[in-house]
Structures are given as C-alpha cells and as structure tokens.
Amino acid sequence: MKENQEAYTVLLLLLLLRLLLLLLLLRLLLLLLLLLLRLTPLRLLLLLLLLLLRLLLLLLRLLRLLLLLLLLRLLYYYYYYYYYNYYYYYYYYYYYYYYYYFYYYYCYYYYYYYYYYYYYYYYYYYYYYYYYYYYYYYYYYYYYYYYYYYTTTTSTTTTTTNYYYY
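Residue 462 in the working numbering sits at position 93 of the sequence shown, with consecutive numbering throughout.
Keep in mind that the hints are not guaranteed to be accurate.
Stated by the list, open to error - Label pairs and their computed distance ranges (CB to CB):
no., residue 1, residue 2, range
1, TYR446, LEU419, 37 to 43 Å
2, ARG442, LEU397, 30 to 36 Å
3, LEU443, ARG423, 26 to 32 Å
4, TYR495, TYR518, 45 to 51 Å
These are calculated hints, taken from the structure and not from any lab test.
Where a beta carbon is used, it is the ideal one built from N, C-alpha and C, also for glycine.
Turn these sequences into a full structure, and let the hints steer you where they fit.
Structure representation (structure tokens):
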C-alpha cells in the first residue's frame, strides 16, 4: 500500500510537470509569433520581462503544488504513524486488561482451591478426631467392661472362696 502510494505520487508529479512544460512551450510559440510581427526593441524587452514574470509565476505554482504534495505526504505518514501507534497502544492496553483479568481469576480460583483444600483437611481432621474419639470410647468401654467383669468375677471368686473356708 505504501509503495503504491509513492508510485501514484511520482506519476502525478510527472503529469503536472508535463502540463506545465506544454503551457510554457505554447507561450514561447506565441512569443515567437509576436516577434515575427516586427515588434520594436522596447516592446520586445517588455514582452521578455512579462514572459520571465510568467515563468516565475509558473515555477512558484509548481513549487506550491510540490509543497502541498509534500505536506499531504507528511500528513499521510503522520496519520499512518498515529493510527499505528493508536492500535499499538490499544492492543497493549487490551493485553494488559486480559492479563489482569486472568490474574484476577487465577487468584480467585487459587483462593477457592485453598478454601476447599482447607475444608477438606478440616473435615479430614474432624473425621480423624471422631474416629479416635470412638476408638478411645470403644476401648474405654471395653476396659470398663473388662474391669467390671474382672471385679465381678474376682468378687464372686473371693466370696465363694471365703464362703468355703468358713
């Protein structure tokens, strides 16, 4: 696109230069026609000055046109640069927006993972606590039962033994 734009600009300048040269050639032909009509030297000098003045005006127009094209070219480059930078900063902002977006959701999921992890271990220790609680409870009753059985049996045996001795 950029190379095509430069080629079009060069072609346009060449076309304008051709048109100006053609106009200059037509004016020179008119001047020669006037000279052939046997003008006086003073009139010839005045016509030459007029021709030079016209030539200078044409050159100034050409220079003005070239400056205008240069200005348009600079505006085009400035606009292209600004447009490119706008999209560069837009995508830069877009990238950082999604970076913080994913960072936020990463922290969010990390928090919930930590929460469920903590809850799982809390539940595990809770279960573990109740397991040992029931375990000790079971053994407490087991020993209590054994102790009761032992004391009852020993008491019966002692009583019986004492009874027989009497």
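Q. Can you list which hints this structure breaks, lowest number first?
A. Result: hint 4 breaks, nothing else.
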